[in-house]
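Visitor: Below, each chain spelled out in residue letters.
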Amino acid sequence: MTSLDNIGVQVEAVHGNVRPILNEVLHALDKLIDNNETTVIDLAGLPFAPGELDVLEETLGQGELSAQLDALGSSRIQETTYPGVWWIEHRNAHDEVVGRYLEITRIPEILSSQDADICAGRARLGEQFE
Amino acid sequence: MKNKPTVGEILQAKGVSRRGFLKYCATTASLLALPPAMIPRIAKAIESARRPSVIWLSFQECTGCTESLTRSAAPTVEGLIFDAISLDYHHTLQAASGEQAEAARHAAMEENEGGYLVLVDGSIPMGNPGFSTIAGISNHDMLMETVAGAAAVVSIGTCAAFGGIPGANPNPTGAVAVQDLVKDKPIINVPGCPPIPMVMTAVLTQFLTFGQLPEVDKFGRPLAFFGQTIHDRCYRRPFYEQGKFANTFDDEGAKAGWCLYKLGCKGPTTYNACATAKWNQGTSFPIESGHPCLGCSEPGFWDKGGFYEPLSTGKFGSGAKVAGAAAAGVALGVAAAAAGRSRQAKFTKEG
Amino acid sequence: MTTVDGRHELDREAERLAYKPPEIRHDKQGDMESEERINKAMHHFVKNFNTQTASYLDGCLHCGMCADACHFHVRTDDPRYTPIWKIELFKRTYKRQVGPFAFFYRLLGLKRHVTIEDLEEWQHLLYDSCTVCGRCSLVCPMGIDVAGLISMARHGMFKAGLIPEELHDVAKRAAETGSPLGITPDKFEDRVEWMADEHDVEIPMDVEQADVLAVMSSIEIQKYPQSIAATAKILNAAGESWTFRTDGFEATNFGMLSGNPDWQKEATMKLIDAAIKIGAKMIVLPECGHAYMALRWMGANMYGKPLPFKVYHISEYMADALNTGKIKVKKVEKSVTYHDPCQVSRRGGATQAARDVIKHLGVDFREMEYGGDYNWCCGGGGGVVTIKRADPLRHRVFKLKMDQVEKTEADELLSSCANCRQSFDDSQQHFNWDYTMGSLMEMVAENLEEDNS
Amino acid sequence: MDLLDFARGPALQWAAYILVAGTIWRIVGITLLKEKPDYSEPRKSAGYPAALKVIWTRAFTAEPFAKATLYPKMMAYVMHIGLFAVIFLFTPHIVFFEGWTGLDWPGLPNSVIFFLGVATVVSAVALLVRRLTNPVLKLISNFDDYFSWFVSTLPVVTGLLIPVRVGLRYEDLLAVHILSVALLLIWLPFGKLGHTFLVFVTRGTTGMVFERRGAKT
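Chains R, F, X and D are the protein sequences, given in the same order.
Letter by letter, the first sequence follows residues 1 to 130 of the numbering used here.
Letter by letter, the second sequence follows residues 1 to 351 of the numbering used here.
Letter by letter, the third sequence follows residues 1 to 453 of the numbering used here.
Letter by letter, the fourth sequence follows residues 1 to 217 of the numbering used here.
The set of hints was computed from the structure by calculation and includes no laboratory data.
Some hints could be false.
[Claimed, not checked] Quick list of the computed label-pair ranges, beta carbon to beta carbon:
| id | chain 1 | residue 1 | chain 2 | residue 2 | range |
| --- | --- | --- | --- | --- | --- |
| 1 | D | Leu-168 | X | His-26 | 25 to 35 Å |
| 2 | F | Asp-232 | R | Leu-125 | 53 to 63 Å |
| 3 | X | Lys-330 | D | Trp-56 | 40 to 50 Å |
| 4 | X | Thr-177 | D | Tyr-71 | 49 to 59 Å |
| 5 | X | Phe-103 | D | Asp-2 | 35 to 45 Å |
Everything numeric in this text was worked out from a predicted model, so none of it was measured.
Ideal Cβ positions, reconstructed from N, Cα and C, are used throughout, including at glycine.
Can you make the complete structure from the sequences, with help from the hints?
Guide: If you want it as structure tokens, here you go:
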């Protein structure tokens with residue numbers, strides 16, 4: 001790394017995507033408040049410049065709630081400092097990021113226990129009483 | 001096909017929870033460039049989809065496409081898709097070889113008649129069948145035999161899609177693309193040298209989940225990935241608009257990460273998803289690393305002038321030809337003036 | 001109660017909303033067939049094409065700005081009076097016959113042949129409605145000398161026998177008698193003698209050897225003979241060795257105005273021969289605009305080599321004599337404005353000379369708005385004043401000049417061109433106008449300091 | 001060979017050959033006509049300095065004509081300055097010229113170029129409207145005037161459409177743009193667009209002729 005650092009690259013920052021995304025979040029919050037409507041913004045399809053995602057993440061910040069999910073690799077579900085705006089990051093078994101989303105909702109769907117899993121769990125628990 | 005398990009069953013058998021499945025569906029939607037609102041439909045479709053049989057044919061190629069794909073086929077979420085397909089023939093990857101391998105191909109073809117997918121990487125030499133053979137069978141014969149019962153063909157990489165490097169001028173083997181030979185089957189081109197692994201898996205996933213091939217552009221490329229140019233989606237685009245350009249690879253502009261247009265970037269004429277999908281597990285893409293786009297996913301990219309020649313460079317003829325044109329101009333001018341003068345002289349005489 | 005001041009004619013019947021061109025006669029000279037006229041016109045258009053004219057004819061952008069400089073267009077809004085349109089036939093012939101792409105124009109029929117109807121129509125455009133004043137040449141963004149092209153286009157018209165009859169008469173008379181007004185050498189001698197008596201001035205005539213050959217314009221000899229005396233007074237005062245010659249006195253050149261290069265050359269050669277004969281070092285041209293163009297700038301080219309003497313317009317001569325102190329003038333307590341003859345000032349380059357003279361006269365000089373090189377023409381130059389049928393048009397155009405002059409509120413209006421003076425006098429009469437055109441030379445002659453002579 | 005390759009290759013090449021040949025043809029065809037020597041005694045020395053002077057001064061309207069010609073002059077200025085900037089100060093064009101001549105110079109930001117391009121088209125349209133409505137221009141205009149307008153405005157329009165896209169793909173629009181430029185180059189030497197080089201000849205000639213007379217140029 002040191003030899004690479006010696007090249008003296010001083011990239012001129014471009015953060016053209018941050019403001020439009022924040023604007024979209026703002027409108028999504030309105031929809032959540034007015035109509036109880038959930039919005040998911042897929043961050044994968046956007047042409048981010050180097051470091052731009054970090055700026056976005058820092059701008060949104062970390063809020064009160066943070067959850068970790070372990071299913072097909074880990075996932076981080078983090079409420080930002082703006083309640084109702086969730087930062088969701090899916091990783092695979094190699095800990096590589098495979099999906100990044102902003103979900104504007106009261107509680108992300110993936111945090112809820114799923115009916116199929118509940119049934120399977122009920123069945124497993126029931127087995128203990130047989 | 002009936003005897004194959006559905007994807008839902010496969011995942012269940014692997015002990016994947018519903019949450020895991022939802023996560024899988026979300027990343028699949030991302031992959032297919034579908035809006036998140038589509039996730040429930042995808043979930044439903046994937047649950048009931050069955051493993052399709054896939055036959056992979058490799059002709060005049062460098063195995064780069066396979067490399068690219070297998071990199072992505074490490075146990076990732078996309079990797080699951082490969083668990084979900086039945087790769088019945090791939091002469092580079094499979095353990096079997098020779099007659100055994102060919103027997104597997106024929107078996108898959110018979111068993112899945114009319115329903116299997118053929119993936120092709122590499123171009124087909126038409127100059128002499130002996131230029132490239134597998135198990136003594138010429139590429140052309142093998143292609144035509146295999147696609148006869150296929151549901152669709154996916155040309156993986158620029159060689160299969162457009163002829164690629166083997167087909168470049170002067171094309172010594174007479175290499176042609178799959179679409180030049182196969183006329184009666186749906187063909188999807190996934191060009192790139194190599195193609196983005198995600199795009200390859202996305203096409204397969206699309207076929208797997210919805211049982212249909214994606215919408216394509218005039219070159220047969222999936223619009224979801226080849227609908228916009230690199231330039232349109234490039235994070236350095238603002239520099240282009242502001243007129244900030246790197247003039248050499250080591251000047252201040254290059255270090256500041258300015259636009260690489262003047263260094264020959266083919267981004268404006270290249271349709272691909274590199275700028276958003278990125279490479280190496282989403283690390284970066286060539287422009288982000290400071291190198292102009294070569295335009296590898298475009299037909300004939302190898303023959304479109306120098307990689308470092310700016311796009312707007314005209315192809316003027318040689319100085320000699322321009323001088324020739326100038327000489328012709330002089331000759332015509334002299335002739336015109338002589339004609340004019342002779343008319344003047346004639347008219348003067350006639351008074 | 002209304003009062004009409006009578007300065008301008010009251011005309012309640014005149015059409016106000018649109019200008020209607022006068023009824024046009026299509027004059028023809030000789031009895032050629034139409035075909036022959038067309039050929040003659042074409043052949044004599046073609047003779048004029050050289051590198052310079054070719055670049056002009058090839059360079060026109062059709063921007064139409066010359067229309068805004070032309071008094072005929074400005075006063076009538078008739079688009080046909082656009083200067084470059086007046087040479088359309090000339091231009092068309094060039095493109096079809098001699099231009100670099102003439103072959104294609106002929107092959108593909110891109111520029112049609114000139115017809116007899118075209119030529120008849122253009123007679124009005126090339127003669128009646130152009131004074132060759134050259135104002136258009138100054139506005140052209142391509143720098144095309146449109147006026148110069150008009151003069152050349154007239155060559156074809158003349159040879160085709162398609163010029164206004166009155167102008168033809170005058171030019172023919174000039175060729176036959178040596179003077180457009182029929183002034184023979186004898187008559188000239190009479191007039192000179194008369195003026196010498198009347199003004200008590202010594203006027204040398206037919207001197208064998210002299211440094212200066214003075215020449216006159218027939219208009220002066222006929223209508224303003226006092227010019228003869230004025231010329232003599234000034235040259236005498238300057239102590240010149242000078243003379244008039246009966247074998248070379250006529251400065252006007254109607255061959256040039258009408259478009260006959262042969263007559264033009266004859267008239268010019270008379271003056272050159274006379275000057276050479278007496279060993280003159282200089283010809284002093286009278287107050288005449290086109291004479292200056294004909295001898296000063298075109299004379300040597302008629303002669304075929306540089307002239308062995310100098311050519312001065314009288315205003316240039318006077319400016320030089322005053323500047324060097326050869327003559328002196330008394331101060332004149334008047335306000336004066338000056339009308340620049342186009343061929344002397346704008347096209348001749350002697351604009352400053354008249355102003356030097358006026359400065360020496362010590363008058364209150366009132367330059368017209370856009371005077372000097374951008375001056376409006378009197379409307380009668382280029383032979384137009386001879387064409388009777390063009391009178392309504394010429395009077396209409398003169399309005400511009402009247403406005404220009406009136407704005408100065410000067411006591412006196414001067415010029416240095418007998419042709420201008422003639423058309424001013426005519427228009428003055430027509431409009432019952434206050435201003436009478438005076439002569440700069442006469443004012444100098446009247447105010448010479450006696451002791452100097 | 002796709003359309004873009006055709007446009008950048010043979011189309012542009014042949015356009016360049018025709019441009020060079022046609023320009024020289026016209027200039028030589030004019031200059032080799034007979035010369036008329038001028039024997040009159042010059043009032044001032046003139047020659048090429050006078051030619052250069054008038055080449056420069058005729059770019060501006062003399063004051064007496066300023067008011068009457070204000071509108072077309074302003075439009076023509078906008079069009080010419082706009083064309084100059086759009087052609088020579090747009091970076092992809094500079095790269096084009098650099099590839100051809102090896103010379104490089106700084107360009108303007110695309111937003112400025114876009115604005116100038118629009119201004120150029122607006123002024124061109126204004127001039128066309130004037131040509132179609134002004135009685136003088138209606139009378140004196142011919143095919144050359146309208147066609148020359150068309151071929152010189154077209155590349156600006158097609159160039160402006162590239163970023164706007166209008167449903168077509170970049171490379172197709174670029175090809176159309178280059179083809180329109182080729183058309184312009186092919187027509188340039190033959191019609192009135194030849195004023196790009198003839199202006200130096202005509203103004204220069206007048207400068208030399210009238211300056212030696214000491215007359216107003």
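Visitor: If a hint holds in the structure, say so; if it doesn't, say that too.
Guide: Outcome of the hint check:
no., hint, in the structure
1, D:Leu-168 x X:His-26: 25 to 35 Å, "violated, 58 Å"
2, F:Asp-232 x R:Leu-125: 53 to 63 Å, "holds, 54 Å"
3, X:Lys-330 x D:Trp-56: 40 to 50 Å, "holds, 45 Å"
4, X:Thr-177 x D:Tyr-71: 49 to 59 Å, "holds, 52 Å"
5, X:Phe-103 x D:Asp-2: 35 to 45 Å, "holds, 37 Å"
Hint 1 from the earlier list is the only one contradicted by this structure; the remaining hints agree with it.
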